[in-house]
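Engineer: Here are the chains, one letter per residue:
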Amino acid sequence: MNLGGETVQALVTVEDIHTYYGKSHILHGVSLEVGRGEVVGLLGRNGVGKSTTLKAIMGLVHPSQGRVLFEGRPITHLPAHRLARLGIGYVPEDRRIFRLLSVTENLRTGLDRHGVSKARKAELLDKVYGYFPVLAERRSQAGGTLSGGEQQMLAIARAMMLEPKIILLDEPTEGLMPRMVAEIRQIIDTLRSENVAVLLVEQNVPLTLEAGQRIYFIEKGVVRHHALASELRVNDAVIHQYLGV
Amino acid sequence: MEIAFDQLLIQTINGVVTGMILALVASGLTLIFGIMDVVNFAHGELFMLGAYVGVLILAATGDFWLALAAATLAIALLGAVIYLTTLRPLLGRDPLYTILATFGVSLVLQNYALWQFGPVARKIEEPFTGQFTLFYLAYPWYRIVIALLSAAIIGALWLFLKFGTWGVWIRATTQDRVMAQAMGIPVPWVLTGVFAIGAGMAAASGVLFGPLVGVNHAMGVDWVLKAFIVVVVGGMGNLAGSIAAAIFISLLEAYASLWVSPAQAVIVSFVVLILTLLFRPTGLFVATPK
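Residue numbers (this note's numbering), protein chains in the order written: chain A, 639 to 883; chain B, 6 to 295.
Keep in mind the hints are simulated off the structure, nothing from the lab.
Fair warning: this is a prediction, and the values are worked out from it, not measured in the lab.
Honestly, I wouldn't trust all of these hints.
[Claimed, not checked] Derived Cβ-Cβ restraints for the label pairs, each shown as a range:
#1 B:F168 / A:R817: 29 to 39 Å
#2 A:P712 / B:I279: 54 to 64 Å
#3 B:L89 / A:H878: 38 to 48 Å
[Unchecked claim] Just so you have them, the derived chain B footprint on chain A, three or more residues with Cβ under 8 Å:
#4 712 to 719
#5 728 to 737
#6 747 to 757
By construction, the Cβ of each residue, glycine as well, lies at the ideal position given by its N, Cα and C atoms.
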């Protein structure tokens with residue numbers, strides 16, 4: 639993959655996927671690529687198939703056509719739990735915290751895997767509690783009792799427990815206070831600095847342009863355009879065209 | 006009619022002992038329902054087959070405790086096989102399919118037992134025959150031991166669900182199966198494991214209870230009916246509620262049999278069931294739903 643003179647190895651490649659929900663055709667051939675450690679934004683109006691694209695990568699929706707590659711390997715028909723173990727973290731739009739599990743137990747759902755030593759587990763827990771001190775304070779509290787912003791952090795922290803190579807973030811700032819939005823922005827930068835790729839679906843265009851390196855525009859289930867975020871920051875004609883803002 | 010204190014105490018002990026066994030049967034049933042949304046009509050047959058495996062192993066080795074452990078493991082394995090062959094293919098279908106499937110399995114297992122072991126009840130010898138004097142009664146120690154063992158097995162299940170990795174996996178799967186999978190939890194194996202654990206618990210109660218009633222192919226039917234009542238009264242899928250309901254209903258039946266014959270006392274549990282469904286259909290022993 640070569641874009642803007644920068645060559646990055648593709649981590650996730652989506653090739654022409656089509657999905658159906660019942661009889662309605664949701665994705666009409668989505669193709670995109672995310673490189674290692676790259677933050678990629680996926681923009682589009684409501685209901686154009688952004689979340690479905692993430693679900694298809696995570697194996698929660700099975701494409702009827704097309705395929706998804708992870709590190710060059712086709713993964714389209716692997717079950718979601720295998721994909722998580724391969725290194726794909728998923729933070730869904732509605733957060734989907736395990737409400738009756740404590741904060742620590744929520745984290746343990748991703749942490750208690752084979753091949754992770756006790757010391758490594760403690761290290762990973764310490765690390766995310768360092769990033770999210772508020773979660774450390776509430777570690778024994780049930781997930782359902784956290785505020786919206788705290789739940790969002792828990793959802794991201796939980797995905798980080800998998801030591802993923804990519805995190806699929808679906809509208810992480812939706813409904814959050816500006817202070818929380820700034821924190822999410824910081825987390826995305828932190829992930830990038832740790833060489834974790836992010837595929838970010840957002841309604842918040844300025845944030846996506848700031849945090850992302852490349853942006854895909856999706857319309858009615860098809861990727862219409864893609865560009866470097868740096869170009870879009872100076873020329874917003876494309877944004878007007880696809881998002882009408 | 007006046008009820009003497011000693012009679013009341015004896016019936017209390019009887020009620021608690023029966024209640025603990027019922028709780029053991031019901032907790033397997035409620036575990037399977039709460040986590041998998043499967044109403045397992047074959048639960049009584051797993052109880053019955055557990056007792057038969059107990060009979061066979063006891064006859065071969067003479068060791069009751071070995072028979073208990075082996076029956077539990079064997080039926081847990083059978084439970085996993087039943088899950089993989091009949092329930093997993095129905096995943097995502099209407100619950101009616103799983104009800105019909107488990108009902109079918111129960112008929113097959115019951116008739117298999119009738120064909121294999123015949124209609125005559127077998128007896129499991131108690132592991133010890135000691136008795137203690139309770140007022141005018143010689144009360145068998147074994148009954149007390151069953152109650153304690155049932156409590157221990159339920160306690161172990163609780164600890165397992167509360168602290169182990171599998172416990173976290175099982176609880177996460179109960180709350181959100183899709184998200185559990187996205188977190189790398191092997192949900193298909195968790196579901197198989199839960200069905201096996203529920204089946205193993207049914208088998209353990211079958212062996213424990215065998216010495217009191219005798220083992221025959223239809224022994225599961227009465228128990229599973231009562232266990233279903235307990236599961237509904239305790240709040241579907243609620244483990245603590247099922248245990249409380251099991252003891253509550255067994256105590257009520259034990260007290261009722263002070264006035265009427267034990268056969269008529271059974272009516273009490275149906276009355277409790279109907280009242281629960283009428284006035285508190287989410288279950289007696291659950292917090293008021295929000």
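Engineer: Hint by hint, say whether it matches the structure.
Structural biologist: Comparing the hints with the structure gives:
1. For the hinted restraint 29 to 39 Å between B:F168 and A:R817, the CB-CB distance of approximately 36 Å keeps it satisfied.
2. Take A:P712 and B:I279: their Cβ atoms lie about 57 Å apart, and the range 54 to 64 Å holds.
3. Checked against the hint of 38 to 48 Å, the pair B:L89 and A:H878 fails, with Cβ atoms roughly 55 Å apart.
4. Check result for the segment 712 to 719 of chain A against chain B: holds, 3 residues qualifying (beta carbon to beta carbon below 8 Å, three or more required).
5. Given as covered by chain B, the segment 728 to 737 of chain A passes the check, having 5 residues with a CB less than 8 Å from a CB of that chain where 3 are the minimum.
6. Requiring three or more residues with a Cβ within less than 8 Å of a Cβ of chain B, the coverage given for the segment 747 to 757 of chain A holds, as 4 such residues are present.
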